[in-house]
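On the provided structure of chain A, position chains B and C as indicated by the hints.
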Amino acid sequence: MTLDSDSSLTAAASTPNCASAATCETLVELKNVSFGYTKARQILSGISLVVPRGKLVAVMGGSGCGKTTILRLLCGQHKATSGEVLVGGQSVAAMNHDQMYAHRRKLGMLFQFGALFTDQTVFENVAFPMREHTELPEEIIHDLVLMKLNAVGLRGAAKLKPSELSGGMARRVALARTIALDPQIALYDEPFAGLDPISLSVVGQLIRRLNDALGMTSILVTHDIAESLKIVDYIYFVSEGKVVAHGDVATIKASTDPFVRQFVDGQPDGPVGFHYPAKALAEDFA
Amino acid sequence: MNRKAIDLWVGIFVAIGLAALLFLALKVGNLLTFNEDRKGYELEARFDNVGALKPRAQVKTAGVVVGRVESVRLDKKTYEAIVRLHLFPEYQFSRDTIATVNTSGLLGDQFIGLEAGGDTVMLKDEDFIKKTQSAVQIEKLISQFMFNKAQEAPAPSVTPAPTAAPTPTIGAKP
Amino acid sequence: MNGILRVLTDLGGSVTGGIARLGFAARFLMAVLRLSGTTFARPQLLLREIYQAGVLSLIIILMSGLFIGMVLALQGYETLVRFGATESMGMLVALSLVRELGPVVAGLLFASRAGSAMTAEIGLMKTTEQLAAMEVMAVDPIARVVAPRFWGGVISLPLLAALFSTLGIYGGYLVGVRLIGIDSGAYWGQMAAAVDWRHDILNGVIKSVVFAVAISLIAVFEGYDATPTAEGVSAATTRTVVTSALAILALDFVLTVLMFRGGGG
Numbered sequence: 009m010t011l012d013s014d015s016s017l018t019a020a021a022s023t024p025n026c027a028s029a030a031t032c033e034t035l036v037e038l039k040n041v042s043f044g045y046t047k048a049r050q051i052l053s054g055i056s057l058v059v060p061r062g063k064l065v066a067v068m069g070g071s072g073c074g075k076t077t078i079l080r081l082l083c084g085q086h087k088a089t090s091g092e093v094l095v096g097g098q099s100v101a102a103m104n105h106d107q108m109y110a111h112r113r114k115l116g117m118l119f120q121f122g123a124l125f126t127d128q129t130v131f132e133n134v135a136f137p138m139r140e141h142t143e144l145p146e147e148i149i150h151d152l153v154l155m156k157l158n159a160v161g162l163r164g165a166a167k168l169k170p171s172e173l174s175g176g177m178a179r180r181v182a183l184a185r186t187i188a189l190d191p192q193i194a195l196y197d198e199p200f201a202g203l204d205p206i207s208l209s210v211v212g213q214l215i216r217r218l219n220d221a222l223g224m225t226s227i228l229v230t231h232d233i234a235e236s237l238k239i240v241d242y243i244y245f246v247s248e249g250k251v252v253a254h255g256d257v258a259t260i261k262a263s264t265d266p267f268v269r270q271f272v273d274g275q276p277d278g279p280v281g282f283h284y285p286a287k288a289l290a291e292d293f294a
Numbered sequence: 014m015n016r017k018a019i020d021l022w023v024g025i026f027v028a029i030g031l032a033a034l035l036f037l038a039l040k041v042g043n044l045l046t047f048n049e050d051r052k053g054y055e056l057e058a059r060f061d062n063v064g065a066l067k068p069r070a071q072v073k074t075a076g077v078v079v080g081r082v083e084s085v086r087l088d089k090k091t092y093e094a095i096v097r098l099h100l101f102p103e104y105q106f107s108r109d110t111i112a113t114v115n116t117s118g119l120l121g122d123q124f125i126g127l128e129a130g131g132d133t134v135m136l137k138d139e140d141f142i143k144k145t146q147s148a149v150q151i152e153k154l155i156s157q158f159m160f161n162k163a164q165e166a167p168a169p170s171v172t173p174a175p176t177a178a179p180t181p182t183i184g185a186k187p
Numbered sequence: 261m262n263g264i265l266r267v268l269t270d271l272g273g274s275v276t277g278g279i280a281r282l283g284f285a286a287r288f289l290m291a292v293l294r295l296s297g298t299t300f301a302r303p304q305l306l307l308r309e310i311y312q313a314g315v316l317s318l319i320i321i322l323m324s325g326l327f328i329g330m331v332l333a334l335q336g337y338e339t340l341v342r343f344g345a346t347e348s349m350g351m352l353v354a355l356s357l358v359r360e361l362g363p364v365v366a367g368l369l370f371a372s373r374a375g376s377a378m379t380a381e382i383g384l385m386k387t388t389e390q391l392a393a394m395e396v397m398a399v400d401p402i403a404r405v406v407a408p409r410f411w412g413g414v415i416s417l418p419l420l421a422a423l424f425s426t427l428g429i430y431g432g433y434l435v436g437v438r439l440i441g442i443d444s445g446a447y448w449g450q451m452a453a454a455v456d457w458r459h460d461i462l463n464g465v466i467k468s469v470v471f472a473v474a475i476s477l478i479a480v481f482e483g484y485d486a487t488p489t490a491e492g493v494s495a496a497t498t499r500t501v502v503t504s505a506l507a508i509l510a511l512d513f514v515l516t517v518l519m520f521r522g523g524g525g
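Going down the list, the sequences are from chains A, B and C.
The opening residue of the first sequence carries number 9 in my numbering; numbering runs sequentially from there.
The opening residue of the second sequence carries number 14 in my numbering; numbering runs sequentially from there.
The opening residue of the third sequence carries number 261 in my numbering; numbering runs sequentially from there.
Next up, chain A with everything else stripped away, as it sits in the complex (with noise of 0.2 Å):
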């Protein structure tokens, strides 16, 4: 269970935009994307991000920046406004339905809250994805699913029903579930709300591990910074829908920006301001 982080890190520390090292290739890009429910409100406004094959990127910022969004754009549940999200090359906005289908299989995304399927047990849930998409026979189903389980500790859960199982169990159950393919790219989705220290330290540093195992291409998208720190190759901050910083582990640590220290540092003022936009206070309270 343990992992040398620090050497995993320096590996990392390479330049963000890969495009012109020959050692990695740019898997997934977002080009000056924007995206709005509605016309008035725009969510994501021209954000641009680079996420090189192999590597593990947070992408980091305040509840309700638009995080979410991205990795919904990344899977084709949503359709950027104007600009272009890349992966392997291929616009996903312009994908047709079979395409999208197969764009899919290579992904596995971890949803904020597990979402387990909670009238199957551990085990089917880790099944369902190779009982959709495969024509494995029943016992070799049996097997990847034990190993895949084995993988997050769990092993010995298979039986049980998603409501036995504690907050960072199923969470663990549930990154079983996103790896039991063996997909291209891992998309966490807040993988760290809601858990205890210990939980949220087993978590992180699964996610650290599956991704060099198994050779994934990771983003994660949270606004737990110290855990973040711990485990990622670099570092996007979002804010209002834009990116306001970007750097690898130690950049970040030694970054002046005042947005990037309000976050790193946890000051409840600042860039970010404290008030939700109002009048001026003497108006209101007149």
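FYI, nobody ran anything at the bench for these hints, they're computed from the structure.
If you're wondering where the values come from, they're calculated on a predicted model, not measured in any experiment.
It is possible that part of the hints are untrue.
[Stated by the list, open to error] Taking lysine to any residue and the SDA-like style, the derived pairs with C-alpha atoms no more than 25 Å apart in a straight line are:
| hint | chain 1 | residue 1 | chain 2 | residue 2 |
| --- | --- | --- | --- | --- |
| 1 | B | Lys73 | C | Ala345 |
| 2 | B | Lys40 | C | Ile466 |
| 3 | A | Lys87 | C | Thr387 |
| 4 | B | Lys40 | C | Met519 |
| 5 | A | Lys167 | B | Asn15 |
| 6 | B | Lys90 | B | Gln150 |
| 7 | B | Lys40 | C | Trp448 |
| 8 | B | Lys52 | B | Ile25 |
| 9 | A | Lys169 | C | Arg404 |
| 10 | A | Lys261 | A | Ala286 |
| 11 | A | Lys114 | C | Thr388 |
| 12 | B | Lys67 | C | Glu360 |
| 13 | B | Lys40 | C | Ser444 |
| 14 | B | Lys144 | B | Asn15 |
| 15 | A | Lys114 | C | Ala398 |
[To be verified] Pair ranges (Cβ atoms, derived):
| hint | chain 1 | residue 1 | chain 2 | residue 2 | range |
| --- | --- | --- | --- | --- | --- |
| 16 | C | Thr276 | A | Asn40 | 34 to 40 Å |
| 17 | C | Arg281 | B | Arg97 | 48 to 54 Å |
| 18 | A | Pro276 | C | Ile319 | 54 to 60 Å |
[Claimed, not checked] To give a feel for the contact side, a few chain B residues facing chain C, derived at Cβ under 8 Å:
| hint | residue |
| --- | --- |
| 19 | Ile19 |
| 20 | Trp22 |
| 21 | Gly30 |
| 22 | Ala38 |
| 23 | Lys40 |
| 24 | Gly42 |
| 25 | Gly76 |
| 26 | Val77 |
| 27 | Tyr104 |
| 28 | Ile155 |
| 29 | Met159 |
Glycine is no exception: its CB is placed at the ideal position from the N, C-alpha and C atoms.
What follows is chains B and C alone, placed relative to chain A:
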């Protein structure tokens, strides 16, 4: 709940559900007699007036159901009602059978009564029953009765207004 | 003046909203039918839903059928005895059940027992992102979750309605023959003479199939369309029961007019 138990319960459920359908069709509905129905033969009869006779009404001989009314339609030339009868195959009727439109009870459903005759030649499929007797119309009976009553009444007697007389005796006369 | 305008605008808005929703439901039905292949290719999915919708509704349906048949016999006796026609009890009970009460009451019970459960289950799956998770796993939730439930309902209700009528007729027999003392032969004989299998039984079955399609569609649609919050799911569940009840009664009227008009019987 494991798979085997679900399979078993669903099996039981579907089996008793189908059994219920079968029970309704065979015991409650008359699916078996219906099949016999199909095997029977058809006759037609002309009536001046069929009253309130409806399709699917019974055809009876001596009170026993021997068939059903298939359809009632109007002959456009003669303005007679043509009633198509469907008779069960085991009952044969002679050529001089009389068909009448009857009412079961005073207010009951109307049905066709068949009165067998003495002819040795039997009616075949698609034959016509020649002798018929139309529905008895209660209104006509009443007005006839009142008319007779009014005529019988001696002239000097204190005006038995047509409306006053009939009601008490209506059951007695016919 | 403004008030009237607003009322008219609101009225217009709710009418167009309702029509849009109806159109959406129709397209949803098309999608469900188009994606039903999985359901029948994998009978295990369908069996589970027949269990949920049918087997788990058995007790309430059987008990209600029995009691309604018994009440019918008692009330029928009260009326028939005045005309000296108590031997028609079998006909009265059987016709009431197979033509109307069986399909309608079984449908109403089914909507509140199984329909609401379907809506709540699908709505909750939506709320907890289980449907979104499926979609991202490249599994269409309409094919995997909605269609099996829809077909489970469509298959279960006609069987439940037949069981309801059968138990009702037996309940009528218990009260009419065993309790009141009508002749057993008259009870069954009058029934068999008056009930036509095509005209009464088959039409009753057709009714229950139509209700089954309506209720199942309403239930899965409301669940799939629910606002993904706790209040949204509870509101959707209520809507399923209310809409299903209205749909059953309205469809029953239309079907009765079509089936029994001028048929005589």
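Item to complete: Output the numbers, in ascending order, of every earlier hint that fails for this structure.
Response: Per hint list: 8, 10, 14, 25, 26, 27, 28, 29 violated.
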